[in-house]
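Chemist: One letter stands for each residue in the lines below.
Protein chains: 2
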Amino acid sequence: MKINRLVILGVGLIGGSLAQALRRADMCNSIVGYGRNEANLNKAIELGVIDEYFLSAKDAVQDADVIVLATPLATNRALFQEITPVLKQDAVITDVGSAKACVIKDARASLGEHFSRFVPGHPIAGKEKSGVEAASANLFEKHVVILTPLPETSVHAIAQVTQLWEAACAEVITLKVEHHDEVLAATSHLPHLLAYALVDCLAKMQEREEIFRFAAGGFIDFTRIASSNPQMWHDICFSNRKSLLSVLDKFDNHINEIRTAIESDNSEKILQIFSSAKNARDKLIAERQQLNSADSEKQI
Amino acid sequence: MKINRLVILGVGLIGGSLAQALRRADMCNSIVGYGRNEANLNKAIELGVIDEYFLSAKDAVQDADVIVLATPLATNRALFQEITPVLKQDAVITDVGSAKACVIKDARASLGEHFSRFVPGHPIAGKEKSGVEAASANLFEKHVVILTPLPETSVHAIAQVTQLWEAACAEVITLKVEHHDEVLAATSHLPHLLAYALVDCLAKMQEREEIFRFAAGGFIDFTRIASSNPQMWHDICFSNRKSLLSVLDKFDNHINEIRTAIESDNSEKILQIFSSAKNARDKLIAERQQLNSADSEKQI
Numbered sequence: 001m002k003i004n005r006l007v008i009l010g011v012g013l014i015g016g017s018l019a020q021a022l023r024r025a026d027m028c029n030s031i032v033g034y035g036r037n038e039a040n041l042n043k044a045i046e047l048g049v050i051d052e053y054f055l056s057a058k059d060a061v062q063d064a065d066v067i068v069l070a071t072p073l074a075t076n077r078a079l080f081q082e083i084t085p086v087l088k089q090d091a092v093i094t095d096v097g098s099a100k101a102c103v104i105k106d107a108r109a110s111l112g113e114h115f116s117r118f119v120p121g122h123p124i125a126g127k128e129k130s131g132v133e134a135a136s137a138n139l140f141e142k143h144v145v146i147l148t149p150l151p152e153t154s155v156h157a158i159a160q161v162t163q164l165w166e167a168a169c170a171e172v173i174t175l176k177v178e179h180h181d182e183v184l185a186a187t188s189h190l191p192h193l194l195a196y197a198l199v200d201c202l203a204k205m206q207e208r209e210e211i212f213r214f215a216a217g218g219f220i221d222f223t224r225i226a227s228s229n230p231q232m233w234h235d236i237c238f239s240n241r242k243s244l245l246s247v248l249d250k251f252d253n254h255i256n257e258i259r260t261a262i263e264s265d266n267s268e269k270i271l272q273i274f275s276s277a278k279n280a281r282d283k284l285i286a287e288r289q290q291l292n293s294a295d296s297e298k299q300i
Numbered sequence: 001m002k003i004n005r006l007v008i009l010g011v012g013l014i015g016g017s018l019a020q021a022l023r024r025a026d027m028c029n030s031i032v033g034y035g036r037n038e039a040n041l042n043k044a045i046e047l048g049v050i051d052e053y054f055l056s057a058k059d060a061v062q063d064a065d066v067i068v069l070a071t072p073l074a075t076n077r078a079l080f081q082e083i084t085p086v087l088k089q090d091a092v093i094t095d096v097g098s099a100k101a102c103v104i105k106d107a108r109a110s111l112g113e114h115f116s117r118f119v120p121g122h123p124i125a126g127k128e129k130s131g132v133e134a135a136s137a138n139l140f141e142k143h144v145v146i147l148t149p150l151p152e153t154s155v156h157a158i159a160q161v162t163q164l165w166e167a168a169c170a171e172v173i174t175l176k177v178e179h180h181d182e183v184l185a186a187t188s189h190l191p192h193l194l195a196y197a198l199v200d201c202l203a204k205m206q207e208r209e210e211i212f213r214f215a216a217g218g219f220i221d222f223t224r225i226a227s228s229n230p231q232m233w234h235d236i237c238f239s240n241r242k243s244l245l246s247v248l249d250k251f252d253n254h255i256n257e258i259r260t261a262i263e264s265d266n267s268e269k270i271l272q273i274f275s276s277a278k279n280a281r282d283k284l285i286a287e288r289q290q291l292n293s294a295d296s297e298k299q300i
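Chains A and B, in that order, give the protein sequences.
Counted the way this note's numbering counts, the first sequence spans residues 1 to 300.
Counted the way this note's numbering counts, the second sequence spans residues 1 to 300.
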């Protein structure tokens, strides 16, 4: 069913890409943007990503049928509070945040009777670039979008948000909130933290110039995510603090085991850890390739 | 000056790629391989990488003018001992190991009067794949090769090895041994250790299947180096143990600072670390792009 008025709060990489994908799928009669950076919003108009924009969220969501929060996590609470008084009776609200428990807490505290039509969401897709100029209609193709609805979430709202992401060619699945936050802390938030930490640590070493001069391709790939938006990842670290610190502890213990093994000449242990890691990653890559080729076959 | 007989000990990714590059540059009259895996050596013959092979290093280096050790670091000492008695008077010996102090120690202990013609070397190039089938003649193009000669190293031998790598289109520079080992521990050995540690840590978590299912592109890039050869990286960790553990300590301290900042709500500190890392990496990438475009202009 076509959406009459879709409002994207935050027309950056994710919000902009979703708008483009939905436009390509002809899913909306009109797509409205909200943001604080007018130059970016004008760029979004120019690129055909949105039809019109507002610099006030309250103005933007008037008459909205579906509202997507694609703003930094730290701004959610204030936005929920701002829009609640003017929401239409049956408006469906969703978000794209990388941590879910905190967003749900903010939504529950602010949305009042609209809370049952809030569907927490998280597309597992991104780039190290940000802003609407980095947006693309195919960003979510073959990517997973995780929804973490609650027992009280309206099935109608869940269906609406599912349809929206499927129109963007994503695969929609649902997870429990806590499970989502733990899994993402491990596969996404911790790697970002480690990449930022390593680059900053090396940049502060005295031999900085030479250190980076001899960086090979492995280092470039390993640290790609350290070129991501610092404010966004700052917000994620604090929003998912509990799960992130818990998996950081596990990682720390593992690093300490490795250190002890190197110090005590435990050759077998190091070889076992490295081999097990290689096997796990090779398996993951093989599974992905299989998935992709299965998809290609389906398309034929 | 053309090399009459070049011997590659270990015809894998690096040894095989060097052979292919030198063949393309018509630098050698004959290229001889040595290895323990006869199937791999036959593959190398089939691919035109080498002209002939031996399963004994001693037999392989007879009459050799230049010998390149491209075997795992842990095998160097035994190889040096095996070949020393049969080396030609003026044979030049070099290696491609990722850690240099340990190779020099092995060479000094074994090569006797030939030690002055041993030129320690390290091409900063590689792939996560290994074996001669992954080799390619252009692996070293526009890549740095670091030589770490000692005061007693023959200038003639250094010139010979420099010419060899330049024929493979690499940029040759020299560094002090300790400096090489520190810098590479930071930009290469530590990232590999962290990538292996993270993948193994996650693979051991209960939710293994789901954890990897939701891994995004950032995780795939971050862990690419965890698909590298475990035996090779095992050898590197032990060979460069001192520098590696020293930079691991620095990184650990940095991680602890970050943990404390998250725990104590030090928002400013996290933002500062993430921003500084992003700036350092973006600068590194910009410098590389500039270097590459300067090269392209030169080629026109």
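Since the hints were made in silico from the structure, they are not lab data.
A hint or two may mislead.
One copy or two, either will do: identical chains are not told apart, so a pair holds if it fits within one copy or between any two.
Stated by the list, open to error - Within a straight-line C-alpha distance of at most 27 Å, the following computed DSSO-like cross-link-like pairs (lysine-lysine) qualify:
#, residue 1, residue 2
1, K127, K283
2, K283, K88
3, K269, K250
4, K2, K283
5, K129, K88
Since we're looking at a predicted model, the values are computed, not measured.
Chemist: Each hint: holds or not?
Modeler: Structure-based check of each hint:
no.: 1; hint: K127 to K283; in the structure: both (24 Å within a copy, 18 Å between copies)
no.: 2; hint: K283 to K88; in the structure: neither (48 Å within a copy, 47 Å between copies)
no.: 3; hint: K269 to K250; in the structure: both (18 Å within a copy, 23 Å between copies)
no.: 4; hint: K2 to K283; in the structure: neither (40 Å within a copy, 45 Å between copies)
no.: 5; hint: K129 to K88; in the structure: neither (34 Å within a copy, 56 Å between copies)
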